[in-house]
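**Student:** Protein chains in written order, with this note's numbering: chain R, 1 to 172; chain Z, 1 to 274; chain S, 1 to 813.
Any given hint could turn out to be false.
Claimed, not checked - No more than 27 Å apart at the CA atoms, straight line, and that leaves these computed lysine-lysine pairs for DSS-like:
no.	chain 1	residue 1	chain 2	residue 2
1	Z	LYS268	S	LYS455
2	Z	LYS190	S	LYS786
3	S	LYS448	Z	LYS268
In short, the hints are calculated from the structure, not lab data.
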Amino acid sequence: MKTVHFTINGETYRREVAEHKTLLHFLREDLGYTGTKEGCGAGECGACTIILNGKAVNSCLVLAAEADGSVIETIEGEASGNTLTEIQQAFDRNHAVQCGFCTAGMVMTVKDLFRRNAHPTRPEVIEGIEGNFCRCTGYEQIIEAVLDAAEHGAAEEISARDAGTTKEVSDA
Amino acid sequence: MLHDFLYHDPGSMADALSFLREHGEESTVFSGGTDLFVAIRAGLTMPQHVVDLKGIDELHSLSWSDAEGLSIGACVTVNDLVESAIVREKFPVLYAAGSELATFQLRNRATVIGNIVTASPCGDMSSPLLVHGGQVVLSSAAGERKMPLGEFITGVKRTLIRSDEIVSRIVVPADWAGAAGGYEKLKRIKGHDLGVVAVAMIKSSAGFRVAISSAAPTPLLLPDFSPTATEEEIRKTAQEMITPIDDVRATAEYRAYMVDVYIRRLMKSLEGNT
Amino acid sequence: MLETVPASNLTSVGHKTRRVDSIEKLTGEATYVSDMVLPGMLYARVKTSPHARARIVSIDTSKAEAMVGVRAVITGHDIGYKLGLYVVDKDILARNEVRHFGEGVAAVAADTLEIAQKAIEAIHVEYEELEPVLHPKDAVKDDAPLVHPDLESYSYMEAAFTPRPGTNIANHTKLRKGDVEKGFAESEWIVEREYTNPSVQHVPMETHVAIVQWGKNDQVHIWSSAQSPYTLRNLFAVAFELPHRNIRVEVPYVGGGFGGKAGIGIEPLVALLSQAAKGRPVKLTATREEEFSLLPCRSQLTYQIRTGISKDGKIQAQEMTMYWDSGAYADYAVNVTRASGYSAGGPYEIPNATVDAYTIYTNKPFGTAYRGFGHVEFFWGLERHMDLVAQAIGMDPLEFRLKNTLKPGATTLTGEKITEHTGNITACLEKAAEMVDYGSVTEAEKAKAAAQGKKIGKAVVGLHKAPAMPPFTATTVILKMNEDATVTANLTLTDYGQGTYTAVAQMIAERLRMPMDRVKVAFESDTDRDPYDWQTVASKGLLLSGNAAILAADDLIATAYEDAAQVLRAHTRDLDHDADGIFLRHHPEHVVSWKQLAIGYAYPNGNGIGGPLVGVGRYIAQGLTHLNKETGEGSPALDWTYGAHGMIVAVDPDTGEYDVLKVASVFDAGRVINPDAFRGQAIGGMIQGLGTATVEGYIYDKKGHLLNPSFTDNKIPTAKDIPMEIEVFGVETPQVDGPFGARGIAEHSMISVAAALGNAIQHATGAEVTHMPLRSEDVWRALNRKDAVDNWITKSPLGSCKSAPELQKYTCD
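Bound conformation, chain R alone (with noise of 0.2 Å):
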């Protein structure tokens, strides 16, 4: 067993974990984060797709006990109260929601992309994308809502909340 700390949208946490677990079963199975979802387990499926220590990453590949003094984001923190992102707004708009299974590392691997990428391209989009499978809708609605989205401000508003400020963001 080891003992980890690390916060969790913005909250923290000290947990003893076993060893061999991995992050994704840690968060899901014993903090109760059951947003991320486990659609392989080997890397290949980008449902389990959180945001650690500012990076993307397949939870289901990374220990707890590698997680030790990290900065994590999962898909609970993102609407805050009832307000959603401009990603889960556009999202919304777009239809670009069905099962939903694939839904919270999709819309992890898009927020990432967009701290990296305030204004991508169609082909940005799609490259930006294409780690996270989706069965159901075919990713056409889903790149339009992060075009969508971009349009906007959804990078703007992700740099202010992570600036710490919480001014509102207008429409581009």
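Following the hints, put chains Z and S in place on chain R, whose structure we already have.
**Tutor:** Coordinates of chains Z and S only, in the frame set by chain R:
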């Protein structure tokens, strides 16, 4: 779901190497874990100890010096590599191959050296590092040894690494730094896939260097070609040296054909470069 | 119903509307069975067979049973039940003999997943390996080993199926229309070809998962990632001989189904583990690898078509023979065979026809329902065939199709008459052709492709499907008004991404004249609380449940009008309603609000009349019949949805690599209820169709081991694999009995996509591929007239551009 193992997080090379000296036989060293944990989950390997190298600062170093060339530490991820300006400028074939490896999320964790040590015949980093003369540096409590990458990989998923050793870095000499290069990889889909067959090629004033993966048990470095070598010569040598197989991904025949196609494409794209 | 209401009169139906279930999925709050944990819950693992066929000599579970934390261990030996909807042939765990690679042999329930995993590793099974029968054509030979020697003893739905005991044929569906011999005799040309496609997996993002608690007095509580709660309950009751009231099935959010979760799956196994573990709840989550081998896939098909064509290009006769390789079990597959059998000729008029469709057992993972229910598989062959026939007779493939499409007055293979309300396949084909500029390739298009060393090819293909379901399929929707005049609808049609709940909400909002945000469709399904629906399959949900929703709304309105008539001292005929309440038409200021009526009306003095407003809508398919087992004659089709795809590809004639430049999909949806959901189904299905066309397929070795049981070698499309341009269009020929005239398109979007690809590639380069998938190597082989790759499933025995010997008057270069 992984079997029971103990996790170790040494803070220094000395700690890591002394642990391996004692427990190397039952341990596996890792950084990204993207090959290791897949293998453990599949029951292919069951180490008692996994040793995380990420706590060792010096292993994260990706640096260039005119004397030595590019030094890639054990914990340098594939994304670190492709995001490096030096790599894009001086080693375009490393950049091209790295960009093709798995998915973006995976590249945030997977390391260049991890890919080499796994030594899959279809590894994306091996053939580009071979054409650039990559040298593997192995560290143990007993000291250091260095060898060309081609010598280090001995067979399908087999290398000369000893149980008490870590590949601490790969040195990519300055000899062909700046050479124009390209990487062509056959996939079954346009999205992420392993290389069904792949060709890495660079062209410098010294000539052409070509390496091929997934066409032999190990990545294959062809003999050096002079700057005036013809396309026919390189194609012929390639066909003579590759030993592709039939498997679920492709037939030997198609692999051989695509190696030929890729050599033609790469030569065409490198025309006019010195 | 309501099919003639003009679009301009509608405020909800036909309008862009957000989905009713996106938010909770976007925030991570939606709970799937894979997320659920119950008090005292145990974790299950299954020990699976490494052999395709073997006798189980012995199973030693003693070490597993002795492990601390193991609460139940069962083997097939303990289980006397078999499962099946159409033919009861499925063992819950292998008994005496394993019939496919990956079949469950033993199962364990333990305190933790890790203990369960160690326990199954400690179970020792001794096998006597037997020679498997793997190829369907080998399975029908006289000396083939029998996968089910006891086929005679299995019960089955006699109205629909014909098994052949003593063989590996689980079912033979026959259809005989007109006189084929006469038709062929009158033909100018006869073309005969064979087409094949492999098994593929549904790949829902959420693998199969179930929690079952077998409580005291045989009260069984099931939570499952399933498509059909009532069918699950029914099959469970039948299999275990329990009263229906003992079984409660709950289905929360489901992470994709595509047919793989249509019926009953792992629930009985999990139930038996719970029963053996003293009634504690047990959860089994399939790993992705188990999803590929323990759980079912889509049957493989070999489809032979022989067509006779008249001098002016009209089909005179067609002989269709289908060999469905359904693997080790055939329950759903026999219905796929039957449903494909009566649909096999496509949306074309065929005056004389025979269909012989066989469901064949082999020792491989078994096929179940899969989006399209056989149609994706056979339309590959059929729509390739239409092109090859056109080529043989020297006619343009689109012209050939248009000449032969079913038009009002024609009859289908089963003798059903086409009317002007059936749908318009001709309009679909013409529109798809227009959307890809079929028949011309501009100089600009050519130059762009040539710059990459590629050649352009274009194709237009047709498709049709009717729901494959019992002719008496029914459903109910219940609608309740809440105190604040919002409404809640309950139904057990499930929504695992299709958007049907949103469409249902739109229809209810439309009838109640309320905004959408006042309509809640209760998401989770519970057989104790929600009314019956047959299954969420077959693209019938929108039609049947939409109608039921309209009827439920109308029923609630009628009840409310009764109450309002009393309050307003009026006749119900003189009342009308809007979002706020019910009013007297000629004195609209006389109004009683919905809120006043919602839970009963209270007079100022305290008297109460009326009561809580509830509407019940039940709807059953009307006028459909069984098929005659000898001739196939009958009226099986709830509705026919026609469609077409136009496709443009750019192919490298040297390497076989290709890019899909554009796909335009057109469906006669009757009325598009929700444009974005329509587009979502159209594109989602089309991409799944491209996956099956370009790369998906099970690959076995000669001993029946599945060689690609994971995403490493069993690929599906990613965002980079979509066409460069996608367009979708809805033709609207109203379905008379569809809700507001609508028909479903859920499966249709996947059908014929593969054929469009094969045809377009052939158009571009001449490469003729008659097997699937079309990887670049497969195209390369066809370009070079090489034999197809033999991986036990995809090889077409006739090779490329060769004719069967018995062909008449057909030549190729």
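**Student:** Hints first: check each against the structure and report whether it holds.
**Tutor:** Hints versus structure:
1. Z/LYS268 <-> S/LYS455: holds, 20 Å
2. Z/LYS190 <-> S/LYS786: holds, 25 Å
3. S/LYS448 <-> Z/LYS268: holds, 19 Å
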